[in-house]
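Could you use the hints to bring the two separately framed chains together as a complex?
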Amino acid sequence: KAGVTQTPRYLIKTRGQQVTLSCSPISGHRSVSWYQQTPGQGLQFLFEYFSETQRNKGNFPGRFSGRQFSNSRSEMNVSTLELGDSALYLCASSNPGAYNEQFFGPGTRLTVL
Amino acid sequence: DQQVKQNSPSLSVQEGRISILNCDYTNSMFDYFLWYKKYPAEGPTFLISISSIKDKNEDGRFTVFLNKSAKHLSLHIVPSQPGDSAVYFCAADTQGGSEKLVFGKGTKLTVNP
Numbered sequence: 718k719a720g721v722t723q724t725p726r727y728l729i730k731t732r733g734q735q736v737t738l739s740c741s742p743i744s745g746h747r748s749v750s751w752y753q754q755t756p757g758q759g760l761q762f763l764f765e766y767f768s769e770t771q772r773n774k775g776n777f778p779g780r781f782s783g784r785q786f787s788n789s790r791s792e793m794n795v796s797t798l799e800l801g802d803s804a805l806y807l808c809a810s811s812n813p814g815a816y817n818e819q820f821f822g823p824g825t826r827l828t829v830l
Numbered sequence: 125d126q127q128v129k130q131n132s133p134s135l136s137v138q139e140g141r142i143s144i145l146n147c148d149y150t151n152s153m154f155d156y157f158l159w160y161k162k163y164p165a166e167g168p169t170f171l172i173s174i175s176s177i178k179d180k181n182e183d184g185r186f187t188v189f190l191n192k193s194a195k196h197l198s199l200h201i202v203p204s205q206p207g208d209s210a211v212y213f214c215a216a217d218t219q220g221g222s223e224k225l226v227f228g229k230g231t232k233l234t235v236n237p
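Quick note, the sequences are listed as chains A and B, same order. The numbers in the first sequence follow our numbering, run straight up by one, and end at 830. The numbers in the second sequence follow our numbering, run straight up by one, and end at 237.
Next up, chain B with everything else stripped away, as it sits in the complex (with noise of 0.2 Å):
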């Protein structure tokens, strides 16, 4: 039972174009949602975080967007860059912060130059 779920392996973009990532959940107990990214050979580096109280949160070209009663979430990253092709891991944590992460299978994003 995957309860979190990204559903587009991979994403292909234009350099300068904006690039969006999607999540989706299951579990309502989920409050807290992180986006991770990871190059080959390297362990996952954090990225952004969001909130349930939240809606919306900014950091830079990175943005992530919380629907809560559709149970979605995405990332924007605007303007892409080719720095930024990796792949993308989409977690969820609960109330409190288990320290138990639970990820989606993630999204190989490709910016292209």
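The following block holds chain A by itself, in its conformation from the complex (with noise of 0.2 Å):
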């Protein structure tokens, strides 16, 4: 079975700019979450989706958002760049229930100028 795959795996964007990110979960899983991970603060919950509703959000501004499309795949979107969003971006999927263990992809790494 094939993991989780992010695309692209590097971006280099310039402050104000706006970027999306990919993610597509392991076959079957229904479930997909975001995180953001910096040195100083390691892995912040930004959303979740499942069956393209957003179930759960963390503490992020608005300008990350998020969709799932009807295949599981969902893509983010953070506008309006700052400095401060140069972070690894990742997605992980699982099958909600019961304490699912979730399945990372290896991140997309964003650098902002």
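Simulated from the structure, these hints should not be mistaken for lab results. Treat the hints with caution; some may be incorrect.
To be verified - Think about it this way: if two alpha-carbon atoms lie no more than 25 Å apart in a straight line, the pair counts; the simulated DSS-like pairs of lysine-lysine are:
#1 A:774 - B:129
#2 B:192 - B:229
#3 B:178 - B:129
#4 B:129 - B:224
#5 B:195 - B:129
#6 B:232 - A:774
#7 B:229 - A:774
#8 B:195 - B:232
#9 B:192 - B:224
Put into structure tokens, the structure is as follows:
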């Protein structure tokens, strides 16, 4: 079974631009979660989608948004990029239920100049 | 407010010895705990988990201990191997599996040959 894939793997943008990251979950997984990893803050939860609906949201500004398609693939968008948005963005998929572990993709490394 | 804390940013042990990684949490609603291992340029990989109804869970060389009264858990790796060198993240979830994991900031384990 193929793992979680994320595209692109690396991205360089400038302040004020916007960016869209893509995530394809493991086949059959219907929940997709997004996390931001920075050296100072560790992994922080952004949001989670299930059946094209956002079910959970972390404490991030509205510049961060996402969506999920009918095939469970997900995208996240960051508008008006700031230097502090430079981070590794990780996507994880799972089948919701009691305590199913999440499987992570390799991440997208975003650098904002 | 950091709900999951890994107070040791790094740990160095000799091959063949025991590695003990610690994690503390503050939120009493957490009742499921996971450990992930992360190599550079890869996403976190699920290692082992424990439910709050247990105080110990073993999987091969990896054992997780949970002390609910102290809100403390630890991961023991015996014997440690050079391939175990990675960053280890402790994560917590709430009842029913919210798909919203709360992570610690990680401990970098180095196992010296």
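In ascending order, which of the hints set out earlier in this document are inconsistent with the structure? 6
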